[in-house]
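A.B. asks: Take a look at the letters that make up each chain.
Protein chains: 2
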Amino acid sequence: MVAGIELGGTKIVCLLARGPDAIEDRVQLPTTRPEETLAGIEHVLDGWGKFDALGIASFGPISIDRHAADYGHVTSTPKPHWAGTDVAKRLAARYEVPTGFHTDVVGAALAEARWGAAEGLRDVAYVTVGTGIGVGLIAGGVPVDGLTHSELGHIRPDRLTGDDWIGICPFHGGCLEGLAAGPAIGARAGKKGEDIAADDPVWEPVAHVLAQLCHTLVLTGVPRRIVMGGGVMVGNDHLFPRIRAAMVKSLAGYIALPEIAEPSFVVPPALGGNAGPLGAIVLGGQALEQQLKSFTAL
Amino acid sequence: MVAGIELGGTKIVCLLARGPDAIEDRVQLPTTRPEETLAGIEHVLDGWGKFDALGIASFGPISIDRHAADYGHVTSTPKPHWAGTDVAKRLAARYEVPTGFHTDVVGAALAEARWGAAEGLRDVAYVTVGTGIGVGLIAGGVPVDGLTHSELGHIRPDRLTGDDWIGICPFHGGCLEGLAAGPAIGARAGKKGEDIAADDPVWEPVAHVLAQLCHTLVLTGVPRRIVMGGGVMVGNDHLFPRIRAAMVKSLAGYIALPEIAEPSFVVPPALGGNAGPLGAIVLGGQALEQQLKSFTAL
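Keeping their order, the protein sequence lines are chains L and D. For the first sequence, position 149 (counting from the first letter as 1) is numbered 149 according to our numbering, and the numbering increases by one without interruption. For the second sequence, position 101 (counting from the first letter as 1) is numbered 101 according to our numbering, and the numbering increases by one without interruption.
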């Protein structure tokens, strides 16, 4: 049994489970100040008693480098009070079980690959397009990382000819997130997201730059499927065929693999709100597996 | 002892070695028609007698998916006669040893990480800027791949304001390779590469788009160092400080890790012409290690 925690910007979901069909308990908490929030999580986990591993899928940026002094911390987030908060070290020390720690989008990628829209695939990208744009990439069933985790939501994409809208990313202006996340679309259209019709002209440049992210992801060589979720995608099904078509046009036949042009290559998620906490369950399971492997290797 | 083959577009290097300080033999052959070239390689390897593993670092595109019918083949190359040529299956069957097969740039990344400019690092990008632009990415010491290998030389980069030169990639026009590989620079400057001075205005847009590749690579989260080689980089040291500065400016402080701004983050290679064949040696060693692991797991 694994304890999984999705640490979101507004809410926490704690799950005691083996998978989507073996959920023992599910508790939701609001994300407030770090000390209060972490004490709340500990109260839930203390109540569960015994579990074999712990997984945490967190909003970022976070430090995932096990050799770094700040491993397990939320690092430079603009979220008040949370910058520099230790999460994973604290919980790993309290529960003394193998502990996995990665981003919420990597968690969602792992969960969708294990039980969802990319079931059976080990090389998958998960893209969330919501308040921000995040990308989780897994290859061979494990997260692609190194120095840090993916931040591919901040690439500077090719633009439609004549599109020079400045974008709203405070760091980059017209990076992908500054052009195509929910707040950017709203700012550009001059109305609320739910009021933007499918035939609104704002979608054309948005679909173009999201397709550029897919172009870039295909060129990493990794994903056998791209799962796109988050509030912008969920509410706007019409984006999927547009993004697929623009991606195929942009790749221009260079990658000669027919699956890329199939509708099944860019798809919505299947796990809904449970992708995050189920991803945390996979992260915990992988941490346990790693520890077992290191025993075997001795 | 490992047999390593660098399969290049114009020449083949065969190496019998354990590493750069333990080279038993080195034979160079021209790349001609596939049948003649492969027979030449077999003649060299037959003469070596016994080796424990075989590694092949090849020009691409190639099929690296062990479950695909065309695994081990050069696939859709424009190089006459080579499209669809089986390389790795043929040699693996002949020598009956564990055989690794990947791109020349992944080979170079592995070799530079093991013995060269990124020695001791397990998360490294190798970029070649020559006739084309190729990227090899390794994470945790092994190649990052999945559906296929990296083709990040064909991203569509952000351009300098006012730069609308059309580019020469036959697939994409102004993708990175179409803008910043050797032939593109020559076409844009209207002179031969060796005649373009360091203060020629052509370098400004070239450095900008190469920095965009580095920006994208940093955002994958993987590399702890980016090694940039190939004919364009080797002959133009002035590009390194320009690319570093433009990359740091483009990232705009978003990735708050100080090492990214150090001169040691983007560096020239250290192994010169031996990076390719030494990479093939690492690929062979990794294939051997994989086989040993699968025995242990039984």
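Keep in mind that the hints were calculated from the coordinates and are not lab data. Any given hint could be a false lead.
[Stated by the list, open to error] Label pairs and their calculated CB-CB ranges:
| id | chain 1 | residue 1 | chain 2 | residue 2 | range |
| --- | --- | --- | --- | --- | --- |
| 1 | L | Leu-160 | D | Tyr-71 | 33 to 43 angstroms |
| 2 | D | Ala-39 | L | Asp-52 | 31 to 41 angstroms |
| 3 | D | Gly-162 | L | Glu-194 | 31 to 41 angstroms |
| 4 | L | Gly-141 | D | Gly-235 | 35 to 45 angstroms |
| 5 | L | Gln-290 | D | Glu-24 | 33 to 43 angstroms |
| 6 | D | Asp-237 | L | Ala-198 | 50 to 60 angstroms |
| 7 | D | His-81 | L | Ala-187 | 29 to 39 angstroms |
| 8 | D | Gly-130 | L | Gln-290 | 17 to 27 angstroms |
| 9 | L | Ala-68 | D | Glu-36 | 50 to 60 angstroms |
| 10 | D | His-238 | L | Arg-18 | 50 to 60 angstroms |
| 11 | D | Gly-231 | L | Arg-122 | 50 to 60 angstroms |
[Stated by the list, open to error] Examples of chain L residues toward chain D, derived with CB under 10 angstroms:
| id | residue |
| --- | --- |
| 12 | Ile-23 |
| 13 | Glu-24 |
| 14 | Val-27 |
| 15 | Leu-29 |
| 16 | Ala-139 |
| 17 | Arg-156 |
| 18 | Trp-165 |
| 19 | Ile-168 |
| 20 | Cys-169 |
| 21 | Lys-192 |
| 22 | Thr-216 |
| 23 | Gly-221 |
| 24 | Ala-252 |
| 25 | Leu-288 |
| 26 | Gln-291 |
| 27 | Phe-295 |
[As the list claims (entries may be wrong)] Dumping the calculated DMTMM-like pairs for lysine to aspartate or glutamate here, alpha-carbon to alpha-carbon at most 25 angstroms:
| id | chain 1 | residue 1 | chain 2 | residue 2 |
| --- | --- | --- | --- | --- |
| 28 | L | Lys-249 | D | Glu-259 |
| 29 | D | Lys-249 | L | Asp-163 |
| 30 | L | Lys-89 | L | Glu-119 |
| 31 | L | Lys-293 | L | Asp-52 |
| 32 | L | Lys-89 | D | Asp-200 |
| 33 | D | Lys-89 | L | Glu-259 |
| 34 | L | Lys-249 | D | Glu-35 |
| 35 | D | Lys-249 | D | Glu-259 |
| 36 | L | Lys-249 | L | Glu-204 |
| 37 | L | Lys-79 | L | Glu-96 |
| 38 | L | Lys-11 | L | Glu-194 |
| 39 | D | Lys-89 | D | Asp-21 |
| 40 | L | Lys-249 | L | Glu-194 |
We put the CB at the ideal spot given by N, CA and C, even for glycine.
A.B. asks: Hint by hint, note whether the structure agrees.
C.D. replies: Against the structure, the hints come out as follows:
Against the hinted window of 33 to 43 angstroms, the Cβ-Cβ separation of L:Leu-160 and D:Tyr-71 comes to about 39 angstroms, which satisfies the hint. For D:Ala-39 and L:Asp-52, the Cβ-Cβ distance of about 56 angstroms falls outside the hinted range of 31 to 41 angstroms, so the restraint is violated. Between D:Gly-162 and L:Glu-194 the Cβ separation comes to about 38 angstroms, which falls inside the hinted range of 31 to 41 angstroms. Between L:Gly-141 and D:Gly-235 the C-beta distance comes to about 42 angstroms, which sits within the given range of 35 to 45 angstroms.
The hint said 33 to 43 angstroms for the Cβ distance between L:Gln-290 and D:Glu-24, and at roughly 37 angstroms that hint holds. Separated by about 52 angstroms at the C-beta atoms, D:Asp-237 and L:Ala-198 satisfy the suggested range of 50 to 60 angstroms. Separated by about 54 angstroms at the C-beta atoms, D:His-81 and L:Ala-187 break the suggested range of 29 to 39 angstroms. A beta carbon spacing of about 39 angstroms between D:Gly-130 and L:Gln-290 contradicts the range 17 to 27 angstroms that was offered as a hint.
A hinted range of 50 to 60 angstroms for the beta carbons of L:Ala-68 and D:Glu-36 is consistent with their spacing of about 52 angstroms. A C-beta distance of roughly 58 angstroms is found between D:His-238 and L:Arg-18, which places it inside the suggested range of 50 to 60 angstroms. For the hinted restraint 50 to 60 angstroms between D:Gly-231 and L:Arg-122, the CB-CB distance of approximately 36 angstroms leaves it violated. At its closest, the beta carbon of L:Ile-23 sits 30 angstroms from a beta carbon of chain D; the interface hint therefore is violated under the 10 angstroms criterion.
Violation of the interface hint for L:Glu-24 is found here, the shortest Cβ-Cβ separation to chain D being roughly 31 angstroms, above the 10 angstroms cut-off. Using the Cβ-Cβ criterion of 10 angstroms, the hint placing L:Val-27 at the interface with chain D is not satisfied: the shortest such distance is roughly 30 angstroms. For L:Leu-29, the interface hint is violated, the least distance from its beta-carbon to any beta-carbon of chain D being 28 angstroms, above 10 angstroms. A distance limit of 10 angstroms between C-beta atoms decides the matter here; for L:Ala-139 the minimum to chain D is near 5 angstroms, and the interface restraint holds.
Checking L:Arg-156 against chain D: minimum C-beta separation of about 4 angstroms stays under 10 angstroms; hint holds. Interface hint at L:Trp-165: violated, since its Cβ lies 14 angstroms from the closest Cβ of chain D, which is beyond the 10 angstroms cut-off. Among the interface hints, the one on L:Ile-168 is violated; its C-beta lies about 14 angstroms from the nearest C-beta in chain D, farther than the 10 angstroms criterion. Residue-level restraint check for L:Cys-169 holds (minimum Cβ-Cβ distance to chain D is 8 angstroms; threshold 10 angstroms).
Given hint, L:Lys-192 at the interface with chain D, is violated; its Cβ is 27 angstroms from that chain's nearest Cβ, farther than 10 angstroms. With 10 angstroms as the threshold, the beta carbon of L:Thr-216 comes within range of chain D, its nearest partner Cβ sitting at about 5 angstroms, so the hint holds. A hinted interface residue such as L:Gly-221 counts as satisfied when its beta carbon comes closer than 10 angstroms to some beta carbon of chain D; here the least separation is about 4 angstroms, so the hint holds. About 5 angstroms separates the beta-carbon of L:Ala-252 from the nearest beta-carbon of chain D, less than 10 angstroms, and the hint is met.
Because the smallest distance between the Cβ of L:Leu-288 and any Cβ of chain D comes to about 17 angstroms, over 10 angstroms, the interface hint for this residue is violated. For L:Gln-291, the shortest C-beta to C-beta distance to chain D is roughly 16 angstroms, which exceeds 10 angstroms, and the interface hint is violated. The criterion of a C-beta within 10 angstroms of any C-beta in chain D is not met by L:Phe-295, whose closest approach is roughly 13 angstroms, and the hint is violated. Restraint check for L:Lys-249 and D:Glu-259: the C-alpha separation of about 37 angstroms exceeds 25 angstroms, so the hint is violated.
Between D:Lys-249 and L:Asp-163, the direct Cα distance comes to roughly 22 angstroms. Compliance with the 25 angstroms bound is thereby established for this hinted pair. For the hint pairing L:Lys-89 with L:Glu-119, the CA-to-CA distance comes to about 31 angstroms; that exceeds 25 angstroms, so the pair is violated. Only pairs whose Cα atoms come within 25 angstroms are accepted, and L:Lys-293 paired with L:Asp-52 is accepted, the gap being roughly 15 angstroms. Restraint check for L:Lys-89 and D:Asp-200: the C-alpha separation of about 52 angstroms exceeds 25 angstroms, so the hint is violated.
Pair hint D:Lys-89 plus L:Glu-259 holds up; C-alpha atoms about 24 angstroms apart against a cutoff of 25 angstroms. Restraint check for L:Lys-249 and D:Glu-35: not satisfied, since their Cα atoms lie roughly 36 angstroms apart, outside the 25 angstroms limit. Restraint check for D:Lys-249 and D:Glu-259: satisfied, since their Cα atoms lie roughly 14 angstroms apart, inside the 25 angstroms limit. Of the pairs offered as hints, the one joining L:Lys-249 and L:Glu-204 holds, with about 14 angstroms between alpha carbons and a cut-off of 25 angstroms not exceeded.
Between the alpha carbons of L:Lys-79 and L:Glu-96 the distance comes to roughly 29 angstroms, so the proposed pair goes past 25 angstroms and is violated. Simply put, L:Lys-11 and L:Glu-194 have alpha-carbon atoms about 22 angstroms apart, close enough for the 25 angstroms limit, and the pair holds. The hinted pair formed by D:Lys-89 and D:Asp-21 fails the criterion: a straight-line CA distance of about 29 angstroms is larger than 25 angstroms. About 29 angstroms separates the Cα atoms of L:Lys-249 and L:Glu-194, which puts this hinted pair outside 25 angstroms; it is violated.
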